[in-house]
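Protein chains in written order, with this note's numbering: chain A, 1 to 410; chain B, 1 to 351.
No lab work stands behind these hints, which were simulated from the structure alone.
Heads up, a few of these hints could be off.
Unchecked claim - Using 30 Å as the maximum straight-line C-alpha spacing, the simulated DSS-like pairs for lysine-lysine come out as follows:
1. B:Lys289 with B:Lys302
2. A:Lys147 with B:Lys200
3. B:Lys142 with B:Lys160
4. B:Lys187 with A:Lys147
5. B:Lys266 with A:Lys94
6. B:Lys168 with A:Lys147
7. B:Lys142 with B:Lys207
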Amino acid sequence: MNPQKELLRDLKRAERRRRLMALALVAPLFLFLMVSFVLPIGDMLRRSLVDTELSEVWPRTSALTKVWVWDRISEPTLEMYRALAEDIRESAEKRTIAVAARRLNYALDNGRSLVMNTGRELRRQAANTEDWRARLVEIDPAWGDRKTWLAIAQAAGPFTDFYLLTAVDMERNEKDLIVRRPPERSLYLQVLGRTLLISATVTLLALVLGFPVAYLVANAPKRVAGLLMILVLLPFWTSLLVRSAAWIVLLQDRGLVNDMLQAVGVTSEPVRLIFNRTGVIVAMTHVLLPFMILPMMATMKAIPPTYMRAALSLGAHPAIAFVRVYLPQTLPGVGAGVLLVFIMALGYYVTPALVGGADDQMLAHFIAFYTTSSANWGLAAALGVLLLTATAILYLVYARLVGIGQVKLG
Amino acid sequence: MKTKGKLIVAAAAAVSAGLVAFGAMANRPLTVVSWGGAYQDAQKKVFFEPFKATGVQMIDESWDGGVGVLRSKVQGGTDSGWDVVQVESEELEIGCDEGMFVTIDWDRVGGKDSYIPQAHHECGVGNILYNFILAYDKDKLKTAPSGWVDFFDTTKFPGKRGLRQGPKTNLEIALIADGVPPADVYKVLATDEGVDRAFKKLDTIKKDLIWWKSGAQPPQLLASGEVVLTSAYNGRIDAANRNDKRNFGIQWNGSLFTLDSWVILKTSPNIDVGYKFIEFAGRAEHQAKLPDHIAYGVTNVKANEKIDPKRLADLPTHPDNLKNAVQISDRFWIENIDRLTERFNTWAAQN
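Throw the hints in and build the complete structure from the sequences for me.
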């Protein structure tokens, strides 16, 4: 055999082995990320769009309404009423009717009792009839409503825009056109705005408070710096719940802060500091401050002091030297800190729940509510998509503005 | 969140598969599931131990509620290791609709007449009763509030008020304060005008409200003086008085009550023993001992006669306390919780 070819083959084999080795080393992390991150997010996206609950328990009605979808102007046919009656009766016997009732209740006022009562009624009186329309409307006039049928058609699957529309305060009207929801039920865009506003405020505060601290730690002598680091990291070692509870004790009407303010004579009455926006911002800033300080500090440590000295010796005013020479060099750390804190703040849930009022709850609160309390997983997923999209857009804008190559996380 | 749910379901399925194998091997003892903590400790003394003493094999486990858990237990239709479960009223309602529970044969649990009517349900036997009451600190208020009307009277009782975050219980309270007779609350609330009326009433004290989230908070808020009046669970207030030597008062007028009930899972292989247990736990002489440990009302009509009258005055089932109370309607809330939560949060965000 050609010795050159043999050499080439050996080389290739060695190369392959090395590559496999490298792959095997990252495989656990890759698997972990797949299971804990990519799959859940994919599943969330799927859940916000896929809607098969109704078609599983009411197959006939779902199939017929899907055909009806093409011209939603005409009245539902008698055939559709017959299919509906059969589906309701069968699902009531199989005890799967509660699933259909729950799904329709999302879209219809009193949808649950409409379905459950009709099921009970049809089981009680099994009498066969030719005119199922008359029979169903007799049980509940809502079955003659176009709105009811559009809700069924929209839930007939396999895909729906119902949840995503709800997440941006929209719905489909009787003519199947997309319109805004009535103001008393338009909530989520406002909550998204609130989430962004709180996160931005917290980020700004953390930046203003954190910058001098980072500077101090970065430029202090080694032993002092170590001590300061411990103080910065201390909040990390305490549970989030304990920290939030501590803020309640400090900030309540008869708390330490209010007592002091009154003793000094700043106010004569207690100031409302907790269970409102102020409390949320104070507590969140406290929790997130280390995430701002650490990347800034790392960047500042790497800045050689010679540049500043050079600027000063060339006659720059200290303030100007700071702004034009030092500050630009800290930008990668500042950029990283801002990004970290802002994105972490977007998903906050426990702190606003503990120290906020009813109008300080952020999107995560509603996602949790629909996941655990009301089990409306479609809407929970759609709200997750809303938050994810908003975050992604902001990230892209930010990356454009700051230049993401500039950002350094340590 | 979602995967976590799935994992739990998967874990539950794995565990139940194991238990099925176990169940097939031997007749497993009756498994009764309740809420854990101090409450289950009390149940152990009052119900479980005496029941075991009659020669029946039983074990008890605890859970944290959730229809999803029950769903995973009965999925597949094979024994999952649980027989009798104590459920909250919403779980009772949903689970019954979904066919998770055995339909109760009332003759086998002592007859419908031996229980107060609120304890009757197609799929469950009510066992305890507890209330959302109006609580206040007797040390701080000279005059006691007479009901929810006073809760909304900020001139007579100046200061902050606590309510549970969310629409549930608060819309009822607002309507009662607005003059709706407690018995008609859900009739009014079923209309759009009724909901508007409730929110309009809440508007009048909106800036004085503090929203609590967990049952442990109201006694703390009262103790620190953060609020002068608050809605609260009667058991928490009673515990604060008994254990922390507080002097809190309870106004029962217009309070809202709910029940926890025993159900038998339809997959249980121990239905007969399950019935025996529920019957045992429904007897007056056993139920009467529960309030010594925890301030819940009990459901046997004859139990109250056997309870120390002094203790009975603290309980939701004392005739005076029950007189003007409303049962929280689970049908209403299961149907409307999403919609009214949206409405509540839009309302909260308006200034």
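Consistency of the hints with the structure:
For the suggested pair B:Lys289 and B:Lys302, the alpha carbons sit about 13 Å apart, so the restraint of at most 30 Å is met. For the hint linking A:Lys147 to B:Lys200, the alpha-carbon distance of about 29 Å falls within 30 Å, and the restraint holds. Restraint check: the Cα-Cα separation between B:Lys142 and B:Lys160 comes to about 16 Å, which is no more than 30 Å; the hinted pair holds. Restraint check: the Cα-Cα separation between B:Lys187 and A:Lys147 comes to about 24 Å, which is no more than 30 Å; the hinted pair holds.
Between B:Lys266 and A:Lys94 the alpha-carbon distance is near 14 Å, which keeps this suggested pair within the 30 Å criterion. The straight-line distance between the Cα atoms of B:Lys168 and A:Lys147 is roughly 27 Å, inside the 30 Å bound, and the hint therefore holds. Taken as a hint, the B:Lys142 and B:Lys207 pair is honoured in the structure, with Cα atoms around 24 Å apart against an allowance of 30 Å.
Hint violations for this structure: none, all hints satisfied.
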